[in-house]
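Protein chains in written order, with our numbering: chain P, 147 to 479; chain B, 147 to 479.
Hints are computed from structural coordinates only; laboratory data are not their basis.
Note that the structure is predicted; figures quoted are calculated from it, not measured.
A virtual CB, placed ideally from N, CA and C, is assigned to each residue, including glycine.
Treat the hints with care, since some could be wrong.
The list that follows gives simulated cross-link-like pairs (lysine-lysine, DSSO-like), each with its CA atoms no further than 27 Å apart [to be verified]: (1) K368(P) / K314(P); (2) K236(P) / K236(B); (3) K326(B) / K151(B); (4) K236(B) / K151(B); (5) K417(B) / K417(P); (6) K397(B) / K180(B).
In silico contact screen, one side only, chain B against chain P (beta carbon under 7 Å); selected entries [to be verified]: (7) E203; (8) V204; (9) A245; (10) G246.
Label-pair restraints from in silico Cβ distances [to be verified]: (11) P269(B) / R343(P): 40 to 48 Å; (12) T373(B) / V418(P): 30 to 38 Å; (13) V418(P) / G355(B): 47 to 55 Å; (14) E272(P) / T373(B): 47 to 55 Å; (15) Q193(B) / Q459(P): 40 to 48 Å; (16) Q193(B) / A175(P): 40 to 48 Å.
There are 2 protein chains.
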Amino acid sequence: MSAHKLDVLAIGNAIVDVLARAEDDFLAANGMSKGSMALIDETQAQQLYAAMGPGTEVSGGSAANTAVGVAALGARAGFIGKVKHDGLGKVFGHDIRAAGVAFSTPAAHEGASTARCLILVTPDGERTMNTYLGAAQDLTAADIDAAIVESATITYLEGYLWDPPAAKEAFLTAAKIAHKAHRKVALTLSDAFCVDRYRGEFLELIRSGTVDLVFCNEAELKSLYETADYDTALTHLKQDACEAVVTRSEKGASFISAEGIVRVPAYPVHKVVDTTGAGDLFAAGFLTGYTTGLEPAESLRLGALAAGEIISQIGARPHRNLLDLAREGGLLS
Amino acid sequence: MSAHKLDVLAIGNAIVDVLARAEDDFLAANGMSKGSMALIDETQAQQLYAAMGPGTEVSGGSAANTAVGVAALGARAGFIGKVKHDGLGKVFGHDIRAAGVAFSTPAAHEGASTARCLILVTPDGERTMNTYLGAAQDLTAADIDAAIVESATITYLEGYLWDPPAAKEAFLTAAKIAHKAHRKVALTLSDAFCVDRYRGEFLELIRSGTVDLVFCNEAELKSLYETADYDTALTHLKQDACEAVVTRSEKGASFISAEGIVRVPAYPVHKVVDTTGAGDLFAAGFLTGYTTGLEPAESLRLGALAAGEIISQIGARPHRNLLDLAREGGLLS
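Same shape as in the complex, but just chain P:
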């Protein structure tokens, strides 16, 4: 039996974010659904980029942001995801390694260019995402390094990974390897529209025990069970999932397990600047606590702290030292 070399291995789309400010009118004129993630092709990506304002490029990708958050909180994180060997691909690889995350998935030398997500941040801090998957489409089961999966306490998969067709197999391969090595598998539902695209398959993954721990926010949970009533959806989730974390923005978050529900309030935030990465960093905080032996309530608080910090700044990768903040908050020693 191998030693646990990683606390959290995240597998997801390797994406560089291009953030720009936009007014609500711009979203309406371009038919975008505020707060959600839409998939776009290369032509649409070029058209939208030409129409949008000046950008800031920051490495992103939902699961990759979570891996960076885990490393920032002092736990051992790894990432598997596909970039091309191009300018943005080099930026992605540099940034995730410089953040202390183990990343060794080989870059593609042919095919589509590195994925990018055009993110429009409205004056209320809400982000609306438009993703061109590019090279991320080409993640396959061959990219799943069994030794790395076996070495991780938990393998964390993003629901967005269900969009690139070949990545589904990579996802299932990773889950199988993890379980065979008696490790846990977590899934984030990613986005209410993503849930809408794959409701049946996600429910099957949860009910079959392919995933042990589910992360979702209120909108995703309601979308999963096609109900407008939060309590109804929560009751279904308690029946279907082994363990789950549900986040509700300013209403706080809950951890559900066979032992019942643990709730914590949201972290106080002075001003919401940009909500990009809120869910990713909540997962990072929770997983750091979960894999390093904290109680569920403490893990939730660590998630709330990381999420509160990320929405107080621009972009989904932390500017300030998360470990120092967690220590100041008495959550980590």
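Given the coordinates of chain P, assemble chain B onto it according to the supplied hints.
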């Protein structure tokens, strides 16, 4: 006589900034002089990039930042500078046009890649810059569109443009065209080390009247006249320059002309986050006022406001609406 189609035409190095946080120790270990700009070659750029932390990419370049600031304040700005037709070159072109600046310099299809500046931001907010000039080296006199220079009330040149050898000729060509069309020419001294490299040539540009208006900060002014005494340096500048703007960080700024000296205090800043672009945005505010008919004191105040805003955020391109801030401050209507 052509109409003034532009208020300010800025000519400089077209650069994409890569910003990363760094501790003071990192600067010392890499032999960097804090707060200054050093030129590096491609190999050094790769080595430094590999060693530095996760980055944020934002279009930059000193004169380009000034052009963006002028446009953000509601005046008409243009930019001339050289990128390559590569990923970063497209980012630069998109961002400056999306900011409302006229930019039509053709991108190079061969040769060095688009210039980048690796900027290390220390906890005190000070930035230390390492520039790989790349394609910016290839700006030549052929890139100076006479009709554009003739149409601009003032042509603003950055001292850094004296580094790429071929750009010197472009610089002098632009100054000649501007003066022939009875337009003004401004020069920023850019950096104390830059002044040290070209002291004799810069003094000649100023004394010969090749430039009408000089921008410098205290360190650059002292370097120009090789004195540690501010008043001595200022006396020399009054003799040599037709008009000049001298910025002194928290000590405020002065405008020098044949009519004497006008002084204004610094703009109150809550917290200095990143000083990148402070001088560039001061110039933007001053030039906006200067070319649209404000009094020198009002132009200085507009410069102080723009500089104060840019050091309160990360990067040298404004996140907030500068025109709204200037209106709230009663400086523009």
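Should the hint that A245(B) touches chain P count as held when the rule is a Cβ pair under 7 Å?
With a minimum Cβ separation of about 5 Å from chain P (threshold 7 Å), the hint on A245(B) holds.
Given the proposed pairing of K326(B) with K151(B), does the C-alpha separation stay at or below 27 Å?
Answer holds: K326(B) to K151(B) is near 17 Å, not above 27 Å.
Consistency of beta-carbon spacing, Q459(P) to Q193(B), with hint 40 to 48 Å
Distance hint for Q193(B), Q459(P) is violated at roughly 29 Å.
Tell me if G246(B) is really an interface residue toward chain P, meaning its C-beta lies closer than 7 Å to one of theirs.
9 Å, violated
Does K314(P) lie within 27 Å of K368(P) when you go C-alpha to C-alpha?
It holds: about 23 Å lies between the C-alpha atoms, which stays within 27 Å.
Chain P contact restraint for V204(B) - C-beta distance below 7 Å
It holds, given that the least Cβ distance between V204(B) and chain P is near 5 Å, below 7 Å.
47 to 55 Å was suggested as the range; check whether the CB atoms of E272(P) and T373(B) agree with it.
Since the Cβ atoms of E272(P) and T373(B) sit about 54 Å apart, the hinted range of 47 to 55 Å holds.
Is 30 to 38 Å respected by the C-beta to C-beta distance linking T373(B) and V418(P)?
Given about 50 Å between the Cβ atoms, the range is violated.
Hint check: K397(B) vs K180(B), CA-CA at most 27 Å. Holds or violated?
Distance of about 20 Å is within 27 Å: holds.
Given the hinted pair K236(P) and K236(B), is their alpha-carbon gap at most 27 Å?
16 Å, holds
Does the hinted range 40 to 48 Å hold for Q193(B) and A175(P) at CB?
45 Å, holds
Double-check E203(B) for me: the hint is only fine if its C-beta lies closer than 7 Å to a C-beta in chain P.
Check passed: Cβ of E203(B) comes within 4 Å of chain P, closer than 7 Å.
When each numbered hint is compared with the structure, violations occur for hints 10, 12, 15.
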